[in-house]
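As you go down the protein sequences, you meet chains A and B in turn. The numbers in our numbering rise by one with no breaks, and the one at position 53 of the first sequence is 53. If you count the second sequence from 1, you need to add 1000 to reach our numbering.
Hints should not be assumed to be uniformly reliable.
What the hints assert, rightly or not - The following label-pair restraints were derived from C-beta to C-beta distances:
1) B:Arg1008 / A:Thr106: 33 to 39 angstroms
2) A:Val59 / B:Val1077: 30 to 36 angstroms
3) B:Val1077 / A:Arg39: 16 to 22 angstroms
4) A:Tyr66 / B:Arg1076: 32 to 38 angstroms
5) A:Val59 / B:Ala1123: 16 to 22 angstroms
6) B:Glu1189 / A:Leu188: 55 to 61 angstroms
7) A:Arg46 / B:Gly1137: 20 to 26 angstroms
8) B:Ala1064 / A:Pro118: 16 to 22 angstroms
These aren't lab readings, by the way, just hints derived from the structure by calculation. The beta carbon of each residue, even a glycine, is placed where N, CA and C say it ideally should be.
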Amino acid sequence: MLVLLLKGALATLMLAIVGICGGTALGVGLAGLSFARIRPLRLLYRLYVFVTRGTPVLVLALLVFYGLPAMNFALGPYVAGSIVLVIYGSAFFAEVFRGGVLAIPTAQLESGRSLGLPPGAFFRKIIAPIAFRYALPPYVNVCVMMVKASSVLSIISVWELTLAAREIIERTLQVFTVLGTAALLYFLICFGVDRLGRRAERHLMHRGFMGERA
Amino acid sequence: MIDIRDLRKRFPNGSEVLRGIDLVIGDGEIVALIGRSGSGKTTLLRCINFLEEYEQGEIRLDGATLWYRNEAHGRRVRMREREIRVLRQQMGIVFQQYNLFPHMTALENVCLGPLEARARPQAEVHELAHGLLARVGLGDKTGSYPYQLSGGEQQRVAIARALAMRPKVLLLDEITSALDPELVGEVLEVIRGLVAERMMMVIVTHELSFAREVAHRVAYLSQGRIVEIGPPSEVFDRPQDPTLKDFLRRVR
Chain A
1 MLVLLLKGAL ATLMLAIVGI CGGTALGVGL AGLSFARIRP LRLLYRLYVF
51 VTRGTPVLVL ALLVFYGLPA MNFALGPYVA GSIVLVIYGS AFFAEVFRGG
101 VLAIPTAQLE SGRSLGLPPG AFFRKIIAPI AFRYALPPYV NVCVMMVKAS
151 SVLSIISVWE LTLAAREIIE RTLQVFTVLG TAALLYFLIC FGVDRLGRRA
201 ERHLMHRGFM GERA
Chain B
1001 MIDIRDLRKR FPNGSEVLRG IDLVIGDGEI VALIGRSGSG KTTLLRCINF
1051 LEEYEQGEIR LDGATLWYRN EAHGRRVRMR EREIRVLRQQ MGIVFQQYNL
1101 FPHMTALENV CLGPLEARAR PQAEVHELAH GLLARVGLGD KTGSYPYQLS
1151 GGEQQRVAIA RALAMRPKVL LLDEITSALD PELVGEVLEV IRGLVAERMM
1201 MVIVTHELSF AREVAHRVAY LSQGRIVEIG PPSEVFDRPQ DPTLKDFLRR
1251 VR
């Protein structure tokens, strides 16, 4: 039983990693859109975030898994599940990054402008590193949320920790032991994510950020 | 040479900050801007390198008009970002609050401009940056992050960062106002060193004794106008304008 749950936990971890990586990449692009000079693009961004963030993961999962095949676009549960997590996460990640950029002090932007840096260097050397530092705590927050959101995918037959637990319960009827163990495993994954986040924060403190508060 | 003609600016709330500034700064000249807070001196300085936009007037650097161009039918348009960027590289600015990049060491702060904006080779830039940091007395702190430096040290890094672009003019915006009194001296010492090099400078300052010492001319601003301008000995010792007299009495 434990082996099966551990395998489920591994699947959950993999799904979360896919969701976090994909969501982060898409989120960065979306956050960029939110600062676009062209107004329709900014509106598009707001619409995307509004819709995606306002839809429960469960509904999103059903929509992708059952909705797309209806349009002759069938996907396996794992692909569908990954897409759901990436889409769902991207809206939250994008807002986190947008917040990070907005938190950059004007003073540092003016310093960069007065040096006459080209846009690419400006983004790479100033905007991205400083925004990332401000965004880190809420970023970890969303990562933890992604781990837990993956449990919903059991409903579209993605085999992960929650589905594994349900299968075992159906055979053994040991509801509390099995669900308790599953909950513990979720906790451990989230705990790991949190620890990674803390480590990154500490690392950045030594690299000159939050120095005065370290 | 910088040539400012009839510069006018309003803040978005409609209040007029600059009401027609005319000022010529010669090569190697140091001009100090003094006046009460709200008189427009910092805004004038920020207009020079276009951190503030302005509605009317013209700023020229060595004869070339900056920031706006007049089209054939008389419409005034902002230059392209690319042009603005290149022009800004000819000016260095040092801010009251140092404004160093917190995630970069002193050396990286100084190297950033020449490396990324000027695309100079790394070895050359490193040598330049080490030299500049040594010159501002921080040769042993090149690897320090801003939070590990005192205010005075941070401000000296900021000066080195501005100099690294080899600017034609250095704009100093109340660079000692945020410093503890005992740190003011070390920063002013660095500026004294530049005076000998005949670097063109515009200095906004509250340190009147320093303005008297280094400036060739002092301009007193009040309500968005240059009310009095001349050599320090005249402006400080024989002020004509009653508000300037009053200002000097209060500051002393």
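Next item on the list: Given the hint of 16 to 22 angstroms, check if Val1077 of chain B and Arg39 of chain A actually sit that far apart at their C-beta atoms.
Entry: 21 angstroms, holds
Note to self: Quick check on a hinted range of 32 to 38 angstroms for Tyr66 of chain A and Arg1076 of chain B, using CB atoms only.
What the structure shows: Given about 59 angstroms between the Cβ atoms, the range is violated.
Checklist line | Pairwise beta carbon distance, Glu1189 of chain B to Leu188 of chain A, judged against the given window 55 to 61 angstroms | finding: 58 angstroms, holds
Item checked: C-beta pair Val59 of chain A, Val1077 of chain B: status relative to the range 30 to 36 angstroms that was hinted -> 50 angstroms, violated
Notebook entry, point to check: CB of Val59 of chain A to CB of Ala1123 of chain B, is that within 16 to 22 angstroms?
Noted result: 58 angstroms, violated
Check: Has the hinted range 16 to 22 angstroms been met by the Cβ atoms of Ala1064 of chain B and Pro118 of chain A?
Finding: 21 angstroms, holds
Next item on the list: Indicate whether the distance between the beta carbons of Arg1008 of chain B and Thr106 of chain A respects the range 33 to 39 angstroms.
Entry: Given a distance of about 24 angstroms, which is not inside 33 to 39 angstroms, the answer is violated.
Notebook entry, point to check: Do Arg46 of chain A and Gly1137 of chain B keep their Cβ atoms within the hinted range of 20 to 26 angstroms?
Noted result: Taking Cβ atoms as reference, Arg46 of chain A and Gly1137 of chain B lie about 51 angstroms apart, which means the hint is violated.
Hints 1, 2, 4, 5, 7 from the earlier list are contradicted by this structure; the remaining hints agree with it.
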